[in-house]
Amino acid sequence: RNHWIARDSTATGTMSTRRAARSLARMCASTSARASDSATSAASARALWRVSRDPSGRSSGRAEGRRPPGADVDAPSRRAFSNRPSDAVYGGPKPSPDRFTLRRLMQKYREGERISVVTAYDYPSAVAVDQAGIDVCLVGDSAAMVVHGHDTTLPITLDEMLSHCRAVARGASRPLLVGDLPFGSYEQSPKHAVASATLMLKEGGMDAVKLEGGSNTRVDAAKQIVDAGIAVMGHVGLTPQSISVLGGFRPQGRTLDEAMLVVERALRLQDAGCFAIVLECVPGSLAAAVTAALDVPTIGIGAGNVTSGQVLVYHDLLGFTRHPHHAKVTPKFSKQYADVGKVIDAALKQFRDEVQNGAFPGPRHSPYRMGADDAAQLARALESRGMGDAARAVEDAMERESEQD
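For what it's worth, the numbering used here labels the leading residue of the sequence shown as 1137, then goes sequentially.
None of these hints come from the bench; they were simulated from the model. In this text, all values refer to a predicted model and were calculated from it rather than measured experimentally. All the pointers check out, no bait thrown in.
Below, computed lysine-lysine pairings styled on DSS-like, alpha-carbon distance capped at 30 Å: (1) K1327 <-> K1359; (2) K1244 <-> K1359; (3) K1338 <-> K1244; (4) K1327 <-> K1338; (5) K1485 <-> K1471; (6) K1468 <-> K1244; (7) K1471 <-> K1244; (8) K1478 <-> K1468; (9) K1359 <-> K1338.
Label-pair restraints from in silico Cβ distances: (10) P1260 <-> R1488: 19 to 25 Å; (11) S1299 <-> M1242: 27 to 33 Å; (12) Q1486 <-> A1264: 18 to 24 Å; (13) D1431 <-> M1396: 15 to 21 Å.
We put the beta carbon where it would ideally sit given N, CA and C, even for glycine.
Starting from the given sequences, assemble the full structure and let the hints guide the process.
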């Protein structure tokens, strides 16, 4: 009897082992099938992603600009920071060939080519600057004056500047993007300066930052920011954030002492690691001296024609507004290349007049229509609910549309 019990136990164990083996085999087959399906889906997604992008790396519109699940991780992103390595050091995203990077800026400077810089403060102006082929787009704290309507640059905050920076970063994919550190965002300590500059890149989408002044504290701040891995553009001469000390918007460097101070501060900012220096409202002879003394580009604004490049405010060079406030804050050195404000004024007045006389919108700008049967049913439904005026309005509108046809 014990023999049969042992035999039955052995048989039972063997059957259990076989059932377990068959169950494991089915699980493996199912897992293999799912993996195959997943691989097929990923391959299809990658193929769709490749097809949906043109040779320049921009979306053709069919993929809506989003990377589908399983798509190549090295598919070009919409915009890459200019300080990403452009040679084959890493395998990640690389700037497109037409991006104006710090490397291209220095190459242009070494070859003696002038550098163009224009401010922008929102998406439309950024798109315009981008399409015009401007080298550097500066999101300036001058937004306080030309956008927010203040008399100085002092009131604008870091949060407001970040909002401007984000809008510009969405609109400009080609130029080097530089964000102004506003007054109060970097003066307290080098640590404070680094924190603000970091936000300009991480949240604002900038490639570099600009800070004003060449005093000891400003030079220390610039050095700390550069040491943190953030490119810095310096700014000497008239520094609008210092008008409390300067006594207003006054040209600088017209005496020997002032001129030597400008030269010394520019040299110290260069030694701190600044990649370029803005020279504002200084005599052309002084700007020539600073440009010759430095090994980095100088960007002039009201500083003569011998600097490495020039910068103007977007609204100033376009003649964008015709308000007395803007005339008050437009500097003497700014050249007006267009009278956009005149065009805007005429267009707005024409719109006002056409609304008042009923010319707008005409048939061309009233493209949406209801079918005759539906309109008749709507009129009857309104009439049945005691809304006779509304029903007659539908009938009159349909009659006018028939006459227009």
